[in-house]
Structures are given as structure tokens and as C-alpha cells.
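**Student:** Spelled out from the first residue to the last, the chains are:
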Amino acid sequence: MGVFTLDSSTLAVESLTYRESIIEGIGRSAQITWAQNKADQDFEHLGYALRFAATEPEAQDTSSA
Amino acid sequence: MTTRNGILSVYPALGGLDISNPTIIDPGSLVTADNIEYLSMGQRKKRLGMLQYSPTTSVQGTSTNVMVTSSSNVRGLKDTWDYTGSVPVQRLIAVTGASIFRSTGDGKWTAVSGTSSFGSNATLNCHITQADNKAIISDGAAQPIAYDLATTTLVSPTTGSIWPIFTGSVYHQERAWLWGLTTVGSTWAVHPSNVVVTAAANILDSTGADAVTLSIDRGDGDKVIGMSQPFYNNIYIFKGPNKGSVHQISGQTSTSYVKTKIATGAAAVNGRVVISTPTDIYWLSDYGCHSLATTIKFGDVDQALISLPIQNLWRKNLLSRSDLSNAVGFWNPHRNIVGWAVTPTSATSRYWVLVYNYALSDPSPGGRKFWSIWKFSRETAANFGITSIAHIRNPSGGFLSAKVGEDHIYWGTDRGMVYMGDYASFSDDGAQYPVTITTPIMSKFQTAAGVIPQTQEKTFTGVVTFYNASDGTAQGSCSMSVLVDGQNNSDAFLLAAPGDTLG
Numbered sequence: 266m267g268v269f270t271l272d273s274s275t276l277a278v279e280s281l282t283y284r285e286s287i288i289e290g291i292g293r294s295a296q297i298t299w300a301q302n303k304a305d306q307d308f309e310h311l312g313y314a315l316r317f318a319a320t321e322p323e324a325q326d327t328s329s330a
Numbered sequence: 032m033t034t035r036n037g038i039l040s041v042y043p044a045l046g047g048l049d050i051s052n053p054t055i056i057d058p059g060s061l062v063t064a065d066n067i068e069y070l071s072m073g074q075r076k077k078r079l080g081m082l083q084y085s086p087t088t089s090v091q092g093t094s095t096n097v098m099v100t101s102s103s104n105v106r107g108l109k110d111t112w113d114y115t116g117s118v119p120v121q122r123l124i125a126v127t128g129a130s131i132f133r134s135t136g137d138g139k140w141t142a143v144s145g146t147s148s149f150g151s152n153a154t155l156n157c158h159i160t161q162a163d164n165k166a167i168i169s170d171g172a173a174q175p176i177a178y179d180l181a182t183t184t185l186v187s188p189t190t191g192s193i194w195p196i197f198t199g200s201v202y203h204q205e206r207a208w209l210w211g212l213t214t215v216g217s218t219w220a221v222h223p224s225n226v227v228v229t230a231a232a233n234i235l236d237s238t239g240a241d242a243v244t245l246s247i248d249r250g251d252g253d254k255v256i257g258m259s260q261p262f263y264n265n266i267y268i269f270k271g272p273n274k275g276s277v278h279q280i281s282g283q284t285s286t287s288y289v290k291t292k293i294a295t296g297a298a299a300v301n302g303r304v305v306i307s308t309p310t311d312i313y314w315l316s317d318y319g320c321h322s323l324a325t326t327i328k329f330g331d332v333d334q335a336l337i338s339l340p341i342q343n344l345w346r347k348n349l350l351s352r353s354d355l356s357n358a359v360g361f362w363n364p365h366r367n368i369v370g371w372a373v374t375p376t377s378a379t380s381r382y383w384v385l386v387y388n389y390a391l392s393d394p395s396p397g398g399r400k401f402w403s404i405w406k407f408s409r410e411t412a413a414n415f416g417i418t419s420i421a422h423i424r425n426p427s428g429g430f431l432s433a434k435v436g437e438d439h440i441y442w443g444t445d446r447g448m449v450y451m452g453d454y455a456s457f458s459d460d461g462a463q464y465p466v467t468i469t470t471p472i473m474s475k476f477q478t479a480a481g482v483i484p485q486t487q488e489k490t491f492t493g494v495v496t497f498y499n500a501s502d503g504t505a506q507g508s509c510s511m512s513v514l515v516d517g518q519n520n521s522d523a524f525l526l527a528a529p530g531d532t533l534g
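One line per chain: the protein sequences are Z and D, in this order.
Here the first sequence is numbered in this note's numbering, starting from 266 and rising by one per residue.
Here the second sequence is numbered in this note's numbering, starting from 32 and rising by one per residue.
The set of hints was computed from the structure by calculation and includes no laboratory data.
Errors might be hidden in some of the hints.
Lysine to aspartate or glutamate pairs mimicking DMTMM-like chemistry, simulated, CA-CA at most 20 Å apart [stated by the list, open to error]:
hint, chain 1, residue 1, chain 2, residue 2
1, D, Lys139, D, Asp438
2, D, Lys290, D, Asp251
3, D, Lys434, D, Asp453
4, D, Lys76, Z, Asp305
5, D, Lys475, D, Asp516
6, D, Lys347, D, Asp65
7, D, Lys76, Z, Glu309
8, Z, Lys303, D, Asp522
9, Z, Lys303, D, Asp65
10, D, Lys347, D, Asp393
11, D, Lys475, Z, Glu323
12, D, Lys434, Z, Glu309
13, Z, Lys303, D, Asp110
14, D, Lys434, D, Asp110
15, D, Lys475, D, Asp57
16, D, Lys290, D, Asp241
17, D, Lys139, D, Glu437
18, D, Lys475, Z, Glu289
19, D, Lys475, Z, Glu321
20, D, Lys406, Z, Glu289
21, D, Lys406, Z, Glu309
Partial list, derived from the structure: chain Z residues whose beta carbon lies under 7 Å from chain D [unchecked claim]:
hint, residue
22, Tyr283
23, Ile287
24, Ile288
25, Arg316
We put the CB at the ideal spot given by N, CA and C, even for glycine.
Work out the full structure, taking the sequences as your base and the hints as a guide.
**Tutor:** Printed below as a string of C-alpha cells:
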């Protein structure tokens, strides 16, 4: 373990690290992809959260599919 | 309408790859898990890279140190140790093309034999076994030979007759168990269902009084296609490739061996896919991946279930079924994984590795499994195929001096080259490789006001990505995309450490 110094050492590893991304979409389903294709770059994914709100409870149009 | 707002939180995400159907699986699972490994709490982390076995790291991406030619197959690879003196001496051995090579650990290979002295480049089912301070080299086609680790010379049996031609061997009770016998080119009267067990303390004596030949269900439509390493004082013989069966051999002496058939079906596709670990034996068949512990505990009908989440690889022929006979497996103990290199359909080389984290997975039927697929591509236009795999303790002869003594997986390839895996560089011999994870298609959500069913539309407003900041390398980047009924939203960001100061 290293030495922790007040006012200078960072708590980076102990912090909750997250990215809040704003999206706009209306539909019945969602699917998320995370990707990276860079040399010598790390990637560690811990989880995610998806924000949503309900819209009209009844369908108003016939689906095209 | 605020009560109609909701958030689906999948943190921590505890799920592995499941390609059965993206619309009906758990939101914690993944439908794509390319080039990741799972850490101890299920975190999805970019797999480590690889580095070519060469005297210097400056030749990454080149073919400077090929054995034979840059299109030769490294058919066999093994970490062996001469321990006849007080200090063990490491001997790395490779079989490439039709030659046997050795290395002192300096990143270079030296031919032990002449250029055409052992088998042919096309015979991939090559095995190297350390036994009685020798390395037994066999491939089921050429006359087997041994490499004496003390004298660093090739030796052949002189006690009794010559060895039969066999595919592989296992060292058990100070005897060599020779399996995969072939009558082609052999002077022996052998049967493919036989296993020849040499005399104790003399692996070169396969015909003397203490040697024995075991018959394993002769005439059942199969040959002996593989063997496990010794496992809780027993040894397990696999028959295939048509019907499949597993036989347990117990007993301490050559006159007291007892054979018990413990499983039928799920024939191993070759002997190099049988993976022995201290707690289980895994293998690859023509219809899935199997665990001996799961098979014995839950019965034959559940043999395939450790690969159930990725069963579509077989069912939809996403793997080259015809090349499974050339697949090769490995065990990486310090990453808690086993895996098999296979060829995807329409490809010509084994550059996919199916990776199973046995420490996180529940092996019982229906239990959660943690699979991922590693896709190797050293260079954009020159994917290589894996032709052999070995678990090697990094040598002290000069190769990567900062990593001496570490155990790593080494990949033998169809480029005449060997690469050290688990290289903390996040590059494949200097080249980038993509990491991709994808959630299932999520359509049913819970809010305080109740369930929003699949049939109801939703407004999606945001995604929160939880990650761990880059681990001692350049700050990682990430691109995220969200498909809402096929319409794309995207964001790109750095996996930065926000941190904070205390005071």
C-alpha cells in the first residue's frame, strides 16, 4: 500500500466513476453497445443504468413489421 | 407523470455472454463479449495483449524470428524442465513444420533436428509430454521420438522394441501411457482402442514384463482420442470421434488396473481439447463444451450445459465444424479460465478463442456462465491461426527480463511464430484490437407505478455508464451507442478517473 497524503493524493480508484450520456429516443426497446479499438488503452466496464419514462399505454398505429 | 419515470440499474453487472436470443435474456447478460475477460466480481475488462517471443520488443508486428518459414505451423509447444541436478534448467520445446526446436529462453529458437525429421507441417494433432526427464514428441503419423532434457539430444527406445506410432501420451505412476495408436506405418500389431502403458521408471520400455496393453471397449465404433492428466489418483480415457465415451482407469500397478465406463456421448474432437485442471476436466465435442464434474454430478443428459449460453455457435454453424478436429485447448490458472481456439465459419484459421471463466460460473444446469470470445488479429490484413497452446513460466534467458518467472499462456501460430499472452500492453504484438460488449434488447421495465410491458412505448432519456478508470496505461476511450427500436444514439468519452482530493 502506498502512502496517502492529505491535500495531494487522489481518491480516483475509490471514486464512483461514471459517464452520464443524454439520449433521445421513443420506442419499445433499447440495446446498448460499448466499444473501443485503440492500442494500449484499457477498458473496464462495471455496469450501467438506463433512464426512461412511460408514454401512451395503448398503441395508436399499426406496426410496420 | 414523474411517477412514470424510471431507471433500470444494472450495477454491478453480473452476467456473461448469452447468444441464445437477445430479446429474452437477463439485462445483466451480454449478447456480444468480444475480447474481454471477467474479473473477480464480474467486471468486464479488456483482455490483455500478446508479444512475440523474440530477443527484443522492437520487432513487434514483424516476422523476424520465424521458425522454418512464416507460413509454418507451430504444431507443438511445451515448457519442460531438466531436474537431474540440484538446480532445474528450463527447456522450451516447439515442433514447427517438420522440425523440433528448442530455446534457452533468449527469444530465439534453435533446430534440434534436421529440417525434415519429424512428421509434416499439416499434422496439427501434435503432443509433447514431459516424462522421465524426457519430452515425448508424437503426432499419430510420424515415428514418435523423445528429447532428453539432460543431454539435449533426441533419443529412441532401445529397451524392448521401438514405440508404436501413437498420437499422444500422459505421464502417470512413472509410466508413459501411449494413446491414439495407429497401424499405419507401424511395425506394431496395435488397435486404435488400445492404450500401451510402459514399464515403471522406463518410458522407453513398452514391451517388457512390466508393460501392459489395455483394451478400451474395442469395436465400439471409436478409437482412443485423448486422455486426461492424472486426476485424484485416476486417469480418464476419452473415445471418439463418432459415439463418444469416457473411461476411468484406477489401480496402482500394471496388473491391477480397473476400467470403469463413466459417460457416453459427447465425443472429444481430438486429444488437444481435453483440459485437465486440479478440480475438473473439460473438453470440446462436436456439439458443445463439457465438464467432467458436471457430467458425473448431473448425468449424461446435461453434458453440454456449460456451453448452453453459446450453443448457437454449434446449432447455427457459426463455427467451422469441419475444423473442430484441429481445435486446441488451454488452462490459465491465474486468470481462472479454460478455453479452446476454434475457426469461425468461412475463415481459414483458428483465431477465435472460446473462453470460460470457471471461477465465476455456476456449472450446474441452468447456472449462470461467464463466456467470452477472444478474437486475435496481429495485423489488420494478416490474422493468424492458433496451432498450439502452452502454459509456460517465463524463462530467464533474456526474453522479457522484467517478467521472469511469471506464468503466461503462449500461443503457437500458423505464422511460424510463438506469442506470449497476458501481456499488459493491450495490443497484439503492437497492433490494436477491438473490445465490444452489447446488452440484450431490453423492452420490459419496472417503475414505482408498475411494470411497463414490452408492448408499451417508452421515452429513453439517458444512459449512465459505470466503469473503472484506466489501469496504469494511457487513458482509455469508449464509444457508446444506444439503439432504440433500431434508431441510433451515440456518445464517445474517455474512461477518466474523476478523483477528488481530501482536505
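**Student:** Run every hint past the structure and note whether it holds.
**Tutor:** Now for the hints, and whether the structure bears them out:
In summary, the hint linking D/Lys139 to D/Asp438 is supported, as the alpha carbons are separated by about 19 Å, within the 20 Å threshold. For the hint pairing D/Lys290 with D/Asp251, the CA-to-CA distance comes to about 15 Å; that is within 20 Å, so the pair holds. Among the hinted pairs, D/Lys434 with D/Asp453 is consistent with the structure: their alpha-carbon atoms are about 11 Å apart, no more than 20 Å. The suggested pairing of D/Lys76 with Z/Asp305 holds, with an alpha-carbon distance near 13 Å, which does not exceed 20 Å.
Distance restraint check for D/Lys475 and D/Asp516: the Cα-Cα separation of roughly 13 Å lies within the 20 Å cut-off, and the hinted pair is therefore satisfied. The straight-line distance between the Cα atoms of D/Lys347 and D/Asp65 is roughly 19 Å, inside the 20 Å bound, and the hint therefore holds. Note on D/Lys76 and Z/Glu309: the hinted pairing holds, with a Cα-Cα distance of about 4 Å set against a maximum of 20 Å. Taking the CA atoms of Z/Lys303 and D/Asp522, the gap is near 16 Å; set against the 20 Å cutoff, the hint holds.
Note on Z/Lys303 and D/Asp65: the hinted pairing holds, with a Cα-Cα distance of about 14 Å set against a maximum of 20 Å. For the suggested pair D/Lys347 and D/Asp393, the alpha carbons sit about 25 Å apart, so the restraint of at most 20 Å is broken. The hinted pair formed by D/Lys475 and Z/Glu323 meets the criterion: a straight-line CA distance of about 15 Å does not exceed 20 Å. Among the hinted pairs, D/Lys434 with Z/Glu309 is inconsistent with the structure: their alpha-carbon atoms are about 24 Å apart, more than 20 Å.
Straight-line distance between C-alpha atoms of Z/Lys303 and D/Asp110 comes to about 32 Å, which puts the hinted pair past the 20 Å bound. Among the hinted pairs, D/Lys434 with D/Asp110 is consistent with the structure: their alpha-carbon atoms are about 16 Å apart, no more than 20 Å. For the given pair, D/Lys475 sits about 11 Å from D/Asp57 by alpha-carbon distance, which is consistent with the 20 Å threshold. Of the supplied pair hints, the one linking D/Lys290 and D/Asp241 holds, its CA atoms being roughly 18 Å apart against a limit of 20 Å.
A distance of roughly 19 Å separates the Cα atoms of D/Lys139 and D/Glu437; the hinted pair therefore holds under the 20 Å criterion. About 18 Å separates the Cα atoms of D/Lys475 and Z/Glu289, which keeps this hinted pair within 20 Å; it holds. About 15 Å separates the Cα atoms of D/Lys475 and Z/Glu321, which keeps this hinted pair within 20 Å; it holds. Of the supplied pair hints, the one linking D/Lys406 and Z/Glu289 is violated, its CA atoms being roughly 33 Å apart against a limit of 20 Å.
In summary, the hint linking D/Lys406 to Z/Glu309 is supported, as the alpha carbons are separated by about 18 Å, within the 20 Å threshold. Interface hint status for Z/Tyr283: upheld, as the beta-carbon distance to the closest one in chain D is roughly 5 Å, under 7 Å. Nearest Cβ of chain D to the Cβ of Z/Ile287: about 5 Å, under the 7 Å cut. The hint holds. A cut of 7 Å between beta carbons decides the hint on Z/Ile288: the least distance to chain D is about 4 Å, and the hint holds.
Because the closest C-beta pair between Z/Arg316 and chain D is about 4 Å apart, less than 7 Å, the hint holds.
The structure fails to meet hints 10, 12, 13, 20 from the earlier list, while all remaining hints are met.
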